[in-house]
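Asker: Could you build all of it, start to finish, from the sequences and the hints given here?
Chains as they are written, first to last, in the numbering used here: chain A, 1 to 303; chain B, 1 to 303; chain C, 1 to 303; chain D, 1 to 303.
No wet-lab data here; the hints were simulated from the structure. Mixed in with the good hints, there may be bad ones.
For identical chains, the list gives no copy identity; a pair is met inside one copy or between any two copies.
[Claimed, not checked] Below, computed lysine-lysine pairings styled on DSSO-like, alpha-carbon distance capped at 30 Å:
no., residue 1, residue 2
1, Lys274, Lys242
2, Lys211, Lys263
3, Lys289, Lys266
4, Lys263, Lys274
5, Lys165, Lys263
6, Lys288, Lys263
7, Lys266, Lys288
8, Lys296, Lys241
9, Lys296, Lys266
10, Lys274, Lys211
Protein chains: 4
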Amino acid sequence: MKEEGLYFFELFTGNLVKGIKVDKLYYQGRTKYQFIQIFHNQFLGKVLFLDNKIQSAQIDEYIYHESLVHPALFTHPSPKEVLVIGGGEGATLREVLRHDLVLKVTMVDIDEELVKLCQKYLPEWSDGAFSDQRTSLVFEDARLFVKETEKKFDVIISDLTEPIKEGPSVYLFTKEFFDKIFQALKEDGLFVLQAGSTDPFYHDFYISCAKTLEKVFPLVRPYWSFIFSFGLPWGFILASKKEDPLRLDDEDITQRAHKRKVKKLKFYHPPLHKSFFALPLYLVNNLKKGKVLTDKEHYIWKL
Amino acid sequence: MKEEGLYFFELFTGNLVKGIKVDKLYYQGRTKYQFIQIFHNQFLGKVLFLDNKIQSAQIDEYIYHESLVHPALFTHPSPKEVLVIGGGEGATLREVLRHDLVLKVTMVDIDEELVKLCQKYLPEWSDGAFSDQRTSLVFEDARLFVKETEKKFDVIISDLTEPIKEGPSVYLFTKEFFDKIFQALKEDGLFVLQAGSTDPFYHDFYISCAKTLEKVFPLVRPYWSFIFSFGLPWGFILASKKEDPLRLDDEDITQRAHKRKVKKLKFYHPPLHKSFFALPLYLVNNLKKGKVLTDKEHYIWKL
Amino acid sequence: MKEEGLYFFELFTGNLVKGIKVDKLYYQGRTKYQFIQIFHNQFLGKVLFLDNKIQSAQIDEYIYHESLVHPALFTHPSPKEVLVIGGGEGATLREVLRHDLVLKVTMVDIDEELVKLCQKYLPEWSDGAFSDQRTSLVFEDARLFVKETEKKFDVIISDLTEPIKEGPSVYLFTKEFFDKIFQALKEDGLFVLQAGSTDPFYHDFYISCAKTLEKVFPLVRPYWSFIFSFGLPWGFILASKKEDPLRLDDEDITQRAHKRKVKKLKFYHPPLHKSFFALPLYLVNNLKKGKVLTDKEHYIWKL
Amino acid sequence: MKEEGLYFFELFTGNLVKGIKVDKLYYQGRTKYQFIQIFHNQFLGKVLFLDNKIQSAQIDEYIYHESLVHPALFTHPSPKEVLVIGGGEGATLREVLRHDLVLKVTMVDIDEELVKLCQKYLPEWSDGAFSDQRTSLVFEDARLFVKETEKKFDVIISDLTEPIKEGPSVYLFTKEFFDKIFQALKEDGLFVLQAGSTDPFYHDFYISCAKTLEKVFPLVRPYWSFIFSFGLPWGFILASKKEDPLRLDDEDITQRAHKRKVKKLKFYHPPLHKSFFALPLYLVNNLKKGKVLTDKEHYIWKL
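Answerer: In structure tokens:
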């Protein structure tokens with residue numbers, strides 16, 4: 001070590017750690033819901049940590065957010081009303097708004113302080129999305145919002161933190177909540193969520209989310225991507241009432257992208273669409289072993 | 001930090017480091033060609049480092065080796081004579097030998113000491129492959145071997161370290177060498193190599209390997225996988241005289257696997273085959289920017 | 001490592017590092033003269049780093065400051081006019097003011113921003129000293145101040161950072177400057193300075209300071225203490241025109257302390273006074289090897 | 001961090017850690033009694049760790065061992081029979097043997113494997129002491145040995161690890177054991193022991209050892225030194241039946257050293273002798289607060 005100064009140490013497990021040099025610490029503090037750290041690293045750019053877990057890095061946040069948003073949005077033939085749960089930095093919003101036929105996006109995040117901090121320190125993430133006319137911002141528990149809303153959505157996107165002990169996301173990965181999501185979707189509606197690591201060892205949360213969604217939706221399509229700044233392959237799951245992402249071919253996507261004037265993508269493009277859904281054998285074999293998560297038997301992140 | 005003792009620090013760049021707890025150090029020493037470290041980590045299992053760069057971890061070496069070997073071997077309709085360059089731990093050999101119609105595999109590694117150490121400390125990698133009747137082991141500079149061999153191979157697999165300064169692999173990633181490889185292949189022969197990281201930032205080595213192969217082979221198919229223990233998406237390139245991996249469908253692969261009695265795979269399976277070749281947009285856009293590598297203008301790993 | 005989050009890494013050499021957990025970062029920024037970092041560690045309390053070198057920790061700053069100030073102040077029979085060079089956090093000032101017969105302390109620090117930051121974030125160090133009637137604060141290059149002052153002082157205390165490249169202290173450890181110091185002292189005046197590590201390996205700065213002072217002062221008394229938060233034995237040097245610290249016995253110090261109403265000491269007490277000056281044999285043997293430091297042949301900290 | 005590879009992390013507390021680059025690991029393994037690690041660091045030289053706590057580094061082991069041995073040996077007017085408890089690397093033995101009037105040193109260490117490993121990997125510590133005619137080596141529990149020996153010693157030196165949970169030293173720092181030590185000493189005998197850190201925070205073990213010895217010996221003289229490679233001021237205690245170390249002046253020591261042909265010291269010399277016993281005020285004030293350690297109420301190291 002010839003370089004000195006501040007490092008952020010992130011633990012994967014107690015015996016596998018990552019040290020990230022901190023050039024500048026923008027913010028360190030606790031909101032009502034979580035512990036927030038925002039800093040700059042020469043290689044990763046700006047980085048956001050919630051409860052000491054990395055959420056997003058400037059260098060590749062587009063990989064995460066394009067992987068989360070576009071498979072669902074392109075699969076839906078006409079996504080006009082979209083709901084985003086979580087997604088505090090505004091990049092999920094940004095990607096949704098790229099589809100110009102979207103008329104309204106409602107974003108529900110429990111942590112107003114976090115959103116304000118992201119607007120202040122991480123404006124590159126939302127890139128203007130918060131001031132888009134089509135955006136509606138609600139600071140509320142998503143569980144309450146989804147239960148009480150009378151609207152029906154075309155697409156619902158869950159962009160939440162992992163369910164750590166006493167964290168704000170514990171009851172947003174349960175069958176009870178997914179039932180409400182189902183009810184809040186139109187009859188051809190789609191739900192997509194980020195669902196944790198799909199690495200060869202720690203993927204039990206992922207497979208349990210998939211299993212739980214299968215109890216609720218007729219069609220469940222797990223897929224994966226790779227997030228460099230996490231150092232991990234990352235799991236997403238698309239749950240659908242009717243539309244199947246695998247029925248789209250490259251030409252369909254190209255046409256939809258053109259019609260909807262989707263621009264500036266850096267990761268997602270038609271050839272990637274189907275390949276997302278090709279899971280590795282170890283994961284395919286283990287998918288059956290997932291447990292159904294409920295309010296009573298919910299998941300707590302163990303790492 | 002509540003745990004104390006030995007850690008291995010691997011640097012991605014000076015400001016991004018990984019700390020791996022060392023439960024047991026099996027070996028640390030310098031061979032004629034490189035600096036070798038073999039240790040055990042509770043999570044990764046046994047790990048091999050060459051010149052302070054991770055090569056393989058027990059937890060997921062199968063992902064790397066299945067990604068390297070099977071796309072090429074399944075694409076070839078009848079791979080009987082195979083050449084492996086590098087691949088000191090013997091796991092590439094092991095994967096090749098799973099195809100029972102392979103009659104002979106020649107493995108050429110410059111570093112006999114390394115191979116002996118792997119046989120002693122990492123027998124799980126080769127899993128008996130070194131004593132298979134079909135295996136022939138040659139300790140020699142691969143450049144010399146390929147130049148002088150009079151045999152023609154069906155498939156040649158390059159499983160080398162990155163070309164670090166004064167390392168043994170510098171001149172094994174150049175047009176001059178790829179020309180020799182081309183000559184050593186039968187008329188429907190295939191060449192595949194591991195070609196470094198495909199992360200969103202440091203992929204110039206990868207795109208230059210692809211560009212260089214395009215000067216030599218009529219068909220070049222770059223593909224990628226994700227190696228968890230590297231924390232990186234990883235690039236491979238298949239260069240072919242005739243056969244195209246994209247012409248195989250799932251059914252073809254399933255039949256070939258059955259006919260060749262390929263067993264015990266944990267990562268590769270038919271649905272993954274085509275998806276390997278769907279590169280992310282940032283990489284597709286940059287592929288054109290690669291430089292042709294030659295003996296004179298060769299590549300030196302900068303990290 | 002089971003604890004995650006921010007750590008500050010301080011390098012002793014490239015192969016010996018210290019990691020200090022950062023509970024709270026109070027300040028990180030560059031003044032006109034140096035890079036300042038102030039944070040809290042659960043064990044050390046508040047800590048001040050200048051140019052990535054530790055200056056003071058709340059847990060034991062009293063050891064450093066009592067070691068620096070009291071040997072000189074007790075040795076002088078009647079210290080009325082005192083000059084402090086550097087000492088931005090105000091703790092040297094605080095210790096000087098404990099001697100109630102001190103009428104005036106002038107503190108000259110080049111870095112006004114640093115002093116303001118210390119007043120804001122580290123008030124425990126000065127503990128009211130900045131608002132003491134006897135204190136006079138001057139923001140100026142000490143070299144200029146000492147050259148131009150027409151006053152004569154009883155005691156001058158140098159509490160500076162080590163002379164790192166392009167740092168503000170490089171020319172404050174040279175014969176030329178010590179000559180000016182000599183001239184600014186009354187005929188029974190004393191000069192004391194902190195002079196770096198006295199560890200068994202890196203003490204060349206210390207022995208060179210001693211050698212240089214011997215060219216200027218008739219009596220030079222090197223002494224040492226141990227600063228826990230530095231993890232190092234630390235060197236000081238008392239240079240005197242007339243008074244000898246070794247001529248004081250415990251009784252003298254006890255009487256002077258009583259007469260001057262010195263209170264609240266936690267480290268220095270009479271039995272320690274003489275023992276400070278008993279250097280270890282390795283240091284005694286090497287003292288002769290110091291080089292005379294001049295403006296031309298000045299010292300640059302190598303670590 | 002620009003340097004990569006193996007580091008040893010030593011924890012002072014969970015939030016204060018030290019990273020020591022490992023150039024070469026000589027040995028890592030568990031004996032019947034403790035976990036041993038021996039490696040080389042470019043700056044510290046060879047280093048010995050027992051149960052993940054540093055015991056000795058080549059760069060300054062002489063400071064520790066001279067501080068432990070010579071105050072007692074010079075204080076005794078004629079040390080002929082010496083007993084060393086612990087001291088596995090043989091350096092305490094080495095220092096005792098420098099006094100040529102010593103006729104016999106018995107060293108009792110419970111861990112034969114450790115002693116063999118030190119002889120193999122750390123011969124610089126003993127420097128021939130193990131093959132000195134006057135040395136007698138016994139592998140036995142010191143508690144048993146002292147209880148059963150019929151010999152009386154002039155000086156007994158305790159050079160043990162701290163009493164960590166289930167470690168071999170727990171019952172060698174209790175009143176019951178010190179009583180046996182007292183009985184095994186001649187009527188003018190001296191006992192000296194290393195007694196842990198004297199840093200401003202964690203010195204409760206030290207003050208409790210002192211308090212306990214006061215219940216057994218008529219004269220107890222605590223003293224301290226500074227061990228650079230520990231990064232800590234370090235406590236020792238001399239307990240005496242008759243002789244007082246403070247009655248020796250420089251001249252006495254010089255004469256004794258000459259008469260006994262003591263050579264090659266690098267740390268201890270006459271002026272240091274008395275200064276060892278000048279403790280800092282915080283320690284003097286806390287000495288009264290020590291608890292009497294007994295077999296029942298023994299001390300377990302908390303860090």
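Asker: Any of the earlier hints contradicted here, and which numbers?
Answerer: 5 and 9
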